[in-house]
Amino acid sequence: MSHPELLKVTHLTKTFGSFTAVKDLSFSIGEGEIVGFLGQNGAGKSTTIKMLSRLIKPTSGDILLRGTSILTSNAESRRKIGVIVESPRFFPHLSGYKNLELLARIYQLPNTRVEELLERVGISHAAQERFGRYSMGMKQRLGLAAVLLNHPELIILDEPTNGLDPVGSKQIRDLIKDLVVENNVSVLISTHMLDEVAFLCNRAMIIHKGELMLEHHLHQRSDIKKIEDTFAEIAAKHIA
Amino acid sequence: MLTELSRQEAIKLLTQRYPYLMIFMVLAIQTGNMLKQALTPPSTSLDIVTGPQQWGQGVGWGLQFSIFLILVVGSMAISREFSLGTIKTFLVLPIERRHWVGAKLLALVVFALLIVLTSVILGLLVVALTLGWGDVVREGVVLYTSGQVWQNVLLAIGLTCLFVLPVCALGLLVGSYFTSSGAAVGVTLMLWFVLGPVSDMLGLGKWSFSTYLTKAVDVVEKMGKGLPFQWDALLYEGVPVSLVSFVVLSGWLVIRMDRKDITD
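Note that the protein sequences, when read in sequence, are chains Y and C.
Going left to right, the first sequence walks through residues 0 to 239 as numbering that gives the first Met the number 0 numbers them.
Going left to right, the second sequence walks through residues 0 to 263 as numbering that gives the first Met the number 0 numbers them.
No lab work stands behind these hints, which were simulated from the structure alone.
Don't take every hint at face value.
[Unchecked claim] Restricting the straight-line Cα-Cα distance to at most 25 Å, the calculated cross-link-like pairs of lysine-lysine (BS3-like) are:
1. Y:Lys-7 x Y:Lys-22
2. Y:Lys-208 x Y:Lys-7
3. C:Lys-35 x Y:Lys-79
4. Y:Lys-176 x Y:Lys-79
5. Y:Lys-97 x Y:Lys-7
6. Y:Lys-56 x C:Lys-259
7. Y:Lys-22 x Y:Lys-225
8. Y:Lys-225 x Y:Lys-236
9. Y:Lys-169 x Y:Lys-208
10. C:Lys-259 x Y:Lys-208
11. Y:Lys-208 x Y:Lys-224
12. Y:Lys-22 x C:Lys-259
Chain C with its partners taken away, still in its complex shape (with noise of 0.2 Å):
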């Protein structure tokens, strides 16, 4: 029943119109960005922003994208059923509620897999159409070379789709608790911009996964520029906060919708 209901949401998800325009929006933004990067002169001799070390770069753009479009797109996922009604259609059903949230989940979670890797993936051509492959030189000298780079990339991106499971959680459990796609959107993305300042005041960021999600992204683009990195903390903090996070807020998400009136 979870694998139809999963291919239900699915087709849910792809055949309206909102999510392509969002895509549509995001990759003209980031294409627009690696552009406009990558036919501006250096300023200088050691300006790194030339040759081939902008691949690092390329993909950070691509995951910084993809999030946001992941966090709208699940925000509305649910919060349009309740704009449209159609959740007293499906909720009739005899199904049982905890079911329809694990299929919006994870055909949220697929659609949110295949966008990091389509803007990724795009980014990495416009850099290559524009700049070409490479290893990353500094000076003459080479600091990473390409294998290593691709190495670091693969596991950038790996790491930002494990770190989107609790975003994609976050959106439909923010979804959930409106009745209007905009209200929904509209905080989810304040949410998103507070969590990470208000994890660090409170000396909590360790433990929010926004922190990791940044700085997986910020770990690929300096790798671009051949500055010192690590993924220590990405992988042995990151890694659990995610996992911890995306169990919590899917779990609030199951509970909630469980016990809830549809009332509107």
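Pulled out of the complex, with its shape left as it was, chain Y reads as follows (with noise of 0.2 Å):
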């Protein structure tokens, strides 16, 4: 099945001085697809996130939604993008409602808004809490209430259940996959865990040392084999 394309990365390297993070990365994400971003600690995942939210600039390549250049156009084009980068990060001695209050002002969204996600993630009971007393998995969900606010067309989540106990990762990932599924959203779920991707995505892309190593459809079981296989030889390679 084809998807009528979203997002669109070209080219894209990040150098450090004489160290390159990210090495003429393309790919593209269609509507409603969600793709696994896989690759091991230091293989450029983080950087290549920090890109496309904006936080890391781009030593050369591009990045556009639906066709519009978000490196080179004003903020507003990336209204349609929820991220969370790494851990989800909000003021310790505000409220988790308070602070989702101070992002829905800026996207001028009401407060029924704000209302409405905290219930929808689960976490309607602990809204006035104060957020530095949140539970790891709670802190993720009201990352993922953030993300949703301002109805994204894409959301890009950075090992998401990165942190949380089994339970709490399966969790994390139910409420994801319902998510997208009710939001109509694509997603990009960078992770180093294969049965993450497996749950979540209908694509992986494996990224090894700033490259890009391989880009796989996930139909069935022998798809995800093809992956670990691949995730295997570079683990082995790195080790050796």
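Since each chain sits alone in its own frame, please combine them into the complex, following the hints.
What follows is the structure in structure tokens.
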């Protein structure tokens, strides 16, 4: 099944001094696709995510959202992207509700949207609790509520189950899957966990030393096997 | 958008504990100092630390402590966002970084002006309650009438409010270089202490905004003692130097934040 193109990344490169973190990376994400972005620690996943979020400026290359460069156009062009970079970070002294309200004001959204999302991600009971007292799972849930605030077309999640126990990881994965269906969004998930990709994604990309090593659709079990083999091969090379 | 962002920044600033803790510390020190001075008996008949001449000194304390407070809060405003990681939450939103920085600066300036005025009012109140209002009198001679004193006190407050603009920009700028609030505050205060002496050593004192900030406070203090003072240097040199410093420092801050890769 082909998906109309939503995000297109072309020849993206980032160097820090003499070190090349991401090298000539090109890929695209279609409407409604859930793409897993796999790689070991230091492979260049986070740098790529940060470039897509405009936290880091690429050395070269371009990022197009529906054909418009988000690097050269104004901030409004990023209005339809929701991002969590690494773990969700909010003000610890403010409640979950207040933190979300701060973001809603920037999008000029009513408080009812905040209440609706807190209810949807299952933390409305803790809405008035300080963020600093939230468990890791609750923080992730609040992060998911934050990325969905402005009805994005694309959400980018950077290791969304990092630091969670197996039960917590499963709950968050289920929630992501449900939210994706309900909100009809495309997703790019950066992770180093194969089971996460197998559960959530319909396509996977593997990045190693800043370069795209493999891009593969996941239709059946044998596709996952191919990803596993490539991942294992990279790991073996890495150790050697 | 800038107005909304500034409102957000003001909320962020005012909902944290540290500004209140600092305000409390500053006001406690200020009140303590004022009371100590007011309750100290004169050692000689010529001692000017008696009577209603203390207006100026009360204001002086207020201004001096306010400047430190603003510098500390300013240096924490950005560095704290780095240390909490919230900078990543906000900079991924569809807002221009220069608007984000501008909103922070605007919120800090408003906060700074409120602090200066609060601190000055407290200084004046302490003096009024302990010493009363009146003319500046020395050995039975009225050196300045209370009207003249008021005029000058208000001028000093106005100038100080203007001079705190580059202080706000300096605090934010230094804070933008650190991901630890403690380090940012330490370096900002160290920089503040060396700025004046180093400028003087290099013969550039006239071009340093901190020089005029201190002078505004000095003038008010001198006024309380009935010593000669003049506003010329402050008005004709201090105002343009402070305005230019503000533009340069805030421009530097905006460009720095605009180009900065947020990696941590």
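Verification of the supplied hints:
Note on Lys-7 of chain Y and Lys-22 of chain Y: the hinted pairing holds, with a Cα-Cα distance of about 16 Å set against a maximum of 25 Å. The suggested pairing of Lys-208 of chain Y with Lys-7 of chain Y holds, with an alpha-carbon distance near 21 Å, which does not exceed 25 Å. Distance restraint check for Lys-35 of chain C and Lys-79 of chain Y: the Cα-Cα separation of roughly 61 Å exceeds the 25 Å cut-off, and the hinted pair is therefore not satisfied. A threshold of 25 Å between alpha carbons decides the hint, and for Lys-176 of chain Y with Lys-79 of chain Y the separation of about 19 Å falls inside it, so the pair holds.
Between Lys-97 of chain Y and Lys-7 of chain Y the alpha-carbon distance is near 35 Å, which puts this suggested pair outside the 25 Å criterion. Restraint check: the Cα-Cα separation between Lys-56 of chain Y and Lys-259 of chain C comes to about 8 Å, which is no more than 25 Å; the hinted pair holds. A distance of roughly 23 Å separates the Cα atoms of Lys-22 of chain Y and Lys-225 of chain Y; the hinted pair therefore holds under the 25 Å criterion. Restraint check for Lys-225 of chain Y and Lys-236 of chain Y: the C-alpha separation of about 17 Å stays at or below 25 Å, so the hint holds.
Pair hint Lys-169 of chain Y plus Lys-208 of chain Y does not hold up; C-alpha atoms about 29 Å apart against a cutoff of 25 Å. Distance restraint check for Lys-259 of chain C and Lys-208 of chain Y: the Cα-Cα separation of roughly 23 Å lies within the 25 Å cut-off, and the hinted pair is therefore satisfied. About 22 Å separates the Cα atoms of Lys-208 of chain Y and Lys-224 of chain Y, which keeps this hinted pair within 25 Å; it holds. Among the hinted pairs, Lys-22 of chain Y with Lys-259 of chain C is consistent with the structure: their alpha-carbon atoms are about 20 Å apart, no more than 25 Å.
The earlier numbered hints that this structure contradicts are 3, 5, 9.
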